[in-house]
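Here is what each chain is made of, one letter per residue.
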Amino acid sequence: MKIKPLGDRAVLKPAKAEEVTKSGIVLPDTVDKEKPEQAEVVAVGSGEKIAKLGLKVGDQVLCSKYGGTEVKIDEVEYKVVSEDDILAVLEK
Amino acid sequence: MKIKPLGDRAVLKPAKAEEVTKSGIVLPDTVDKEKPEQAEVVAVGSGEKIAKLGLKVGDQVLCSKYGGTEVKIDEVEYKVVSEDDILAVLEK
Amino acid sequence: MKIKPLGDRAVLKPAKAEEVTKSGIVLPDTVDKEKPEQAEVVAVGSGEKIAKLGLKVGDQVLCSKYGGTEVKIDEVEYKVVSEDDILAVLEK
Amino acid sequence: MKIKPLGDRAVLKPAKAEEVTKSGIVLPDTVDKEKPEQAEVVAVGSGEKIAKLGLKVGDQVLCSKYGGTEVKIDEVEYKVVSEDDILAVLEK
Amino acid sequence: MKIKPLGDRAVLKPAKAEEVTKSGIVLPDTVDKEKPEQAEVVAVGSGEKIAKLGLKVGDQVLCSKYGGTEVKIDEVEYKVVSEDDILAVLEK
Amino acid sequence: MKIKPLGDRAVLKPAKAEEVTKSGIVLPDTVDKEKPEQAEVVAVGSGEKIAKLGLKVGDQVLCSKYGGTEVKIDEVEYKVVSEDDILAVLEK
Amino acid sequence: MKIKPLGDRAVLKPAKAEEVTKSGIVLPDTVDKEKPEQAEVVAVGSGEKIAKLGLKVGDQVLCSKYGGTEVKIDEVEYKVVSEDDILAVLEK
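Residue numbers (the working numbering), protein chains in the order written: chain A, 1220 to 1311; chain B, 1220 to 1311; chain C, 1220 to 1311; chain D, 1220 to 1311; chain E, 1220 to 1311; chain F, 1220 to 1311; chain G, 1220 to 1311.
If we strip away everything but chain A, and leave its shape as in the complex, we get (with noise of 0.2 angstroms):
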């Protein structure tokens, strides 16, 4: 079974926490909506605006913790997020 985002929609698994203490980042533990969160883009849809952000499958990304809906798939933990809700790229 596989989550195929719709219009400017893009499926994330967000980071467990080991890796996101491993990659240097630190995010604030604040109880704001605007809560960043590190996942994993699964899929992207194929909206016109969310096609603009570039975005591929495996990239790194910080995303609102509080935006999308949550799914999960055999076992997995997923979200379906707005193009919106994705703020940045993070580049090794």
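To be clear, the hints were calculated from the coordinates, so they are not data collected in a lab. Here the structure is a predicted model, which is why all the values come from computation and not from measurement. Among the hints, erroneous ones may be present.
Said to hold, decoys possible - What follows is a list of derived Cβ distance ranges for each label pair: (1) F:T1240 / G:Y1285: 34 to 42 angstroms; (2) E:E1267 / A:K1235: 52 to 60 angstroms; (3) A:E1237 / G:Y1285: 25 to 33 angstroms; (4) E:G1277 / D:E1310: 37 to 45 angstroms.
Virtual Cβ for every residue (Gly too), placed ideally from N, Cα, C.
With chain A held as given, fit chains B, C, D, E, F and G onto it using these hints.
Structure of chains B, C, D, E, F and G alone, referenced to chain A:
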């Protein structure tokens, strides 16, 4: 009696709990407005926005649980949703 | 006396309870703003948006119960609704 | 003294209760913001939106009771309304 | 010192009570935000929207009483309003 | 150190009380959000909207007192405002 | 690890208090949402709106203190902001 959705709307048939379980999907049990739901596409309107999504009758989709309008026809429950309430297509 | 709806509006005649029952449709009895209602199209405005819906006089439609403005002419109740309040056409 | 409405506005003369009764129209007696009112078109602005409605001076219209701005000139009450407040034309 | 309104704004000089009375206009004495006021056009900005209204310096207009910004220059009171606050032109 | 406003913004230097008095302008002393303020244009951004206003450095303008962002550089107070906060140009 | 901002966003490095003091800028100490902050441009997204601002890496800018999303990489604090949160460029 059939329902033909207008504009950028679609008619969906929400999946039963056992169908969802079999598919390996776990939908979070929150009271959140963003709670997702699995459903089957029954009919697609002729609006320009929904046309871009490329939805086909029979597609399994992930949609917003509290979006749309419920209606029961000949003992079967349906939902009329706007294209924006359909988040993703589920593919086997 | 006839009502000619302006712009992207339509005039509808809400179906009576017994007509709805006969048609096999069950509309949820909620207090929700999104509660739907069955009605017959009596007149369609000449706006561009409503033209795209392809509605015909006599069509049975599903519309939002609390949308639109009620008016009684020669003892018959009508509703003037905007095109966005009409969700779907019911076809036999 | 005459009032020339600007842009997409019209000047209407609300119908008196006895005129409304004679016309066979019954307007619901609600406190709702959507309560309609019968009125006569006195003048139409030159905006593009209101032009599309094809209103003529002397037309009897159904408009939103609480929309628009009231003004009395030479003892006659008028309302300046925007085109969106005019719902339908009443035709004999 | 003169005030040149910017964009789609106009500078108006509110009419004095005795002038309004003489013109035969009665403005409703409500606390409503939509309360109208008679005023004279003193200057018109060069925005595209206000140009379409065809206002001329010296025109008597009906405007929203609580819209705009008051300013007093050389003991005379003026209002800077946006084009949307001007409802109608009053013609003798 | 100089401030170059971005997009449709301008940098203004609010006039001192004695300057305002000398110019013959009286600004109403309300707690209203719409309270105006006299200021001098120090720099204009390169956005399309503000370009249409034709503002020049040195122009005396009337702007919304509570709009914009205050900043002090080398002991002088400035405001960064968006073009929509500038109501009119004051001309001698 | 580097952060590449998406769309009309930029990555900024907030200036330290001593840097701000040295530059001669005094930022008002209000609890206002509009409180400004000095920061250095680290990276600029490829969106059309932010392109028009002509920002360059290394530019000192004035931005809205409470806009954007904070993130710490390799012990350095950054902010991901949208183009609308950047008010002005500070030039020596």
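Hint check results:
Separated by about 36 angstroms at the C-beta atoms, F:T1240 and G:Y1285 satisfy the suggested range of 34 to 42 angstroms. Taking the beta carbon of each, E:E1267 and A:K1235 are about 55 angstroms apart, inside 52 to 60 angstroms as hinted. Look at A:E1237 against G:Y1285: about 31 angstroms separates their beta carbons, and that is inside 25 to 33 angstroms. For E:G1277 paired with D:E1310, a C-beta distance near 40 angstroms keeps the hint of 37 to 45 angstroms intact.
Every hint, counting from the list given before, is met by this structure.
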